[in-house]
Amino acid sequence: MKKLVLIAVAASALSLVACSKKPPKDLPPPPVGAPGANSSATVPPPMPQGPVPGSRDDFLAKVAADRVFFDTNRSDLDETARSTLDSQAKWLLQYPAVRITIEGHCDERGTREYNLALGERRANAAKNYLVAAGVNVARINTISYGKERPAVLGSNEAAWAKNRRAVTVTLN
Amino acid sequence: MSRLTKLRTYWPLLLALAGSAPLLAQAPAPLLPGTPAPAATPVPNPDAPIEITGGTSSVIPIAIPDMPTPHMTDTLAGSTDVLGHEVAQVITTDLRNSGLFTPTGTSLPSVSMPQVTAPDFAYWSSNSTSKLVEGFVLANAANSLTIGCYLYDVPSKSELARQGYKVAAQDWRRAAHKCADVIYARLTGEGAYFDSRIVYIAESGPKAHRIKRLAIMDQDGANHHFLTNGQTLVLTPHVSPDHRSIVYMSYLGQRGRIYTYDIASGKQRLVVDSPNLTFAPRISPHNTWVLFSQSIAGETNIYRIPFAGGTPEALTATTGINTGGSYSPDGSKIVFESDRSGGQQLYVMNADGSDQHRISFGAGRYATPAWSPRGDLIAFTHLGAGHFRIGVMTPAGSGEHLLTNSWQDEGPSWSPNGRVLTFARLTQNSGKSEIMAIDYTGANERHIVTPLDGSDPAWGGLLP
Chain R
1 MKKLVLIAVA
11 ASALSLVACS
21 KKPPKDLPPP
31 PVGAPGANSS
41 ATVPPPMPQG
51 PVPGSRDDFL
61 AKVAADRVFF
71 DTNRSDLDET
81 ARSTLDSQAK
91 WLLQYPAVRI
101 TIEGHCDERG
111 TREYNLALGE
121 RRANAAKNYL
131 VAAGVNVARI
141 NTISYGKERP
151 AVLGSNEAAW
161 AKNRRAVTVT
171 LN
Chain B
1 MSRLTKLRTY
11 WPLLLALAGS
21 APLLAQAPAP
31 LLPGTPAPAA
41 TPVPNPDAPI
51 EITGGTSSVI
61 PIAIPDMPTP
71 HMTDTLAGST
81 DVLGHEVAQV
91 ITTDLRNSGL
101 FTPTGTSLPS
111 VSMPQVTAPD
121 FAYWSSNSTS
131 KLVEGFVLAN
141 AANSLTIGCY
151 LYDVPSKSEL
161 ARQGYKVAAQ
171 DWRRAAHKCA
181 DVIYARLTGE
191 GAYFDSRIVY
201 IAESGPKAHR
211 IKRLAIMDQD
221 GANHHFLTNG
231 QTLVLTPHVS
241 PDHRSIVYMS
251 YLGQRGRIYT
261 YDIASGKQRL
271 VVDSPNLTFA
281 PRISPHNTWV
291 LFSQSIAGET
301 NIYRIPFAGG
311 TPEALTATTG
321 INTGGSYSPD
331 GSKIVFESDR
341 SGGQQLYVMN
351 ADGSDQHRIS
361 FGAGRYATPA
371 WSPRGDLIAF
381 THLGAGHFRI
391 GVMTPAGSGE
401 HLLTNSWQDE
411 GPSWSPNGRV
421 LTFARLTQNS
431 GKSEIMAIDY
441 TGANERHIVT
451 PLDGSDPAWG
461 GLLP
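Protein chains in written order, with my numbering: chain R, 1 to 172; chain B, 1 to 464.
In short, the hints are calculated from the structure, not lab data.
Glycine residues also receive a C-beta, built at the ideal position from the N, C-alpha and C atoms.
Take every hint as true, because none was put in to throw you off.
Result set (DSSO-like, lysine-lysine): computed pairs, CA atoms no more than 27 angstroms apart in a straight line:
#1 B/LYS207 to R/LYS162
#2 R/LYS162 to R/LYS62
#3 B/LYS432 to B/LYS207
#4 R/LYS162 to B/LYS432
#5 R/LYS90 to R/LYS62
Non-contacting residues of chain B with respect to chain R, defined by C-beta distances greater than 10 angstroms in every case (computed):
#6 THR102
#7 SER107
#8 VAL272
#9 THR311
Generate coordinates for the entire structure from the input sequences, incorporating the hints supplied.
Spelled out as structure tokens, the structure:
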């Protein structure tokens with residue numbers, strides 16, 4: 001800070017000297033780092049940026065979450081899941097042209113084929129909730145991946161809880 | 001694949017050696033049963049699965065020296081003298097892997113052509129050899145091979161079985177498997193199973209995004225081929241009884257549906273054109289039906305559709321999840337799993353869907369039933385205490401035994417003779433999976449080595 005003040009003083013002295021002889025054709029550039037000349041004054045402020053309305057990024061930014069979670073071997077929606085789906089329904093009603101796929105998933109503690117059916121059951125539970133909330137059923141596709149696509153690795157309860165899920169994916 | 005033909009044609013050299021005996025298989029008759037009685041005494045509705053410990057204890061010592069060749073000849077599969085060694089090795093491995101034989105020695109004496117039909121019994125007796133396999137490899141014209149196979153009982157100095165196989169040179173392993181099958185059937189009284197193949201899902205890549213490819217191999221892991229390239233997730237293959245096609249599930253086009261894969265041409269055919277999730281395909285005996293599961297509005301039921309195509313017909317109609325399925329050998333019944341009573345349990349129904357009744361009542365859950373080709377047992381995956389284990393019970397639900405004890409063993413599939421089960425073993429945390437096999441007594445658990453990880457093994461029937 002002391003250095004900046006010294007530079008400013010020196011610059012003032014120089015301009016005073018110049019003034020005393022003849023007026024300059026152009027004003028000298030403001031000294032670098034001089035008070036009142038920081039970079040934000042010279043660079044235009046950024047445009048307000050955000051996801052394109054109705055896009056996948058917009059969906060992810062606006063909804064509570066893109067996924068809901070389930071208990072072991074269950075496909076019923078708890079209060080948190082319903083709240084998440086309410087936020088998804090609100091967004092989907094705002095952008096009626098957007099179609100979605102709901103992916104149903106399971107943890108690794110079920111047999112492969114049973115989990116395919118269970119994942120479909122979970123996706124269908126989320127779908128039914130969105131439809132009841134007013135989303136046109138024709139906009140919703142479901143697919144089950146069973147235990148084929150875990151979101152979280154590891155063979156423990158924390159990982160399994162994150163993998164028992166239905167994920168809403170918007171299709172642009 | 002060219003067909004194997006039993007050699008019934010005149011072959012001067014062999015006939016000269018073998019006298020006037022025709023080169024034909026003898027009728028199998030068990031000499032040394034040496035195998036445990038199948039299925040324990042029925043115990044209705046056991047509260048908990050019964051553990052099985054130990055297994056077969058009587059194994060048959062057998063010597064399988066390298067097979068000589070009457071004329072050393074180069075073939076597409078290599079020189080006939082090298083093949084004589086390799087055929088003996090394939091037979092040795094088959095019999096050892098069965099768990100019912102102990103092949104003796106790796107440096108057995110070389111056998112001359114005349115000794116193939118007139119063994120040096122004095123030598124083998126002095127060597128404490130009980131059973132002896134001899135044979136020969138002969139190159140025919142047009143790059144075909146004749147492989148002879150003889151089984152002797154050393155103490156009684158008698159011939160127990162003989163067969164000859166005329167095969168394309170590249171099919172020499174099939175002749176070796178058929179020879180091993182004759183020996184196995186003759187000495188154990190069990191049906192043959194070595195000349196068969198396994199389809200499975202080859203796995204690679206990280207646990208969160210496994211790359212899965214349809215693959216096929218001989219039951220000993222040889223002649224391995226990938227059938228799909230891994231770009232599309234594929235699951236749960238099964239071989240058709242006629243060995244021409246595989247049914248499996250594919251996510252082609254981001255939809256889970258079932259397809260047939262023609263093994264010869266590689267062509268795929270959509271089996272059921274449904275907007276719903278369709279999965280868990282099976283083929284009925286005689287290639288008549290494709291059994292599959294379909295999820296409609298969250299409820300999953302079992303359907304069948306004619307193999308050639310047609311209209312699906314629902315066999316179950318309950319809420320909840322009905323899936324899997326396996327036909328009895330005669331095609332008259334189906335065992336399947338259902339959670340209609342809560343957790344997964346096993347049920348049997350007639351092939352038209354009538355008379356559905358539960359057969360599993362033990363603690364835990366029961367899944368992936370597979371009806372033995374012999375008809376006497378149903379293999380399953382038992383879920384309990386955080387573990388998946390392979391087990392067997394009778395079609396009436398009695399005599400339950402668990403065979404394996406690992407973290408996750410899933411999806412048993414029977415060998416053609418109903419004696420051995422293959423299944424997938426998943427490793428905790430890593431997601432690594434491998435193909436295993438075990439005798440239905442719980443003995444002789446072993447790893448079937450595959451180039452990549454493996455899951456969903458399905459053992460096909462004996463090759464035609």
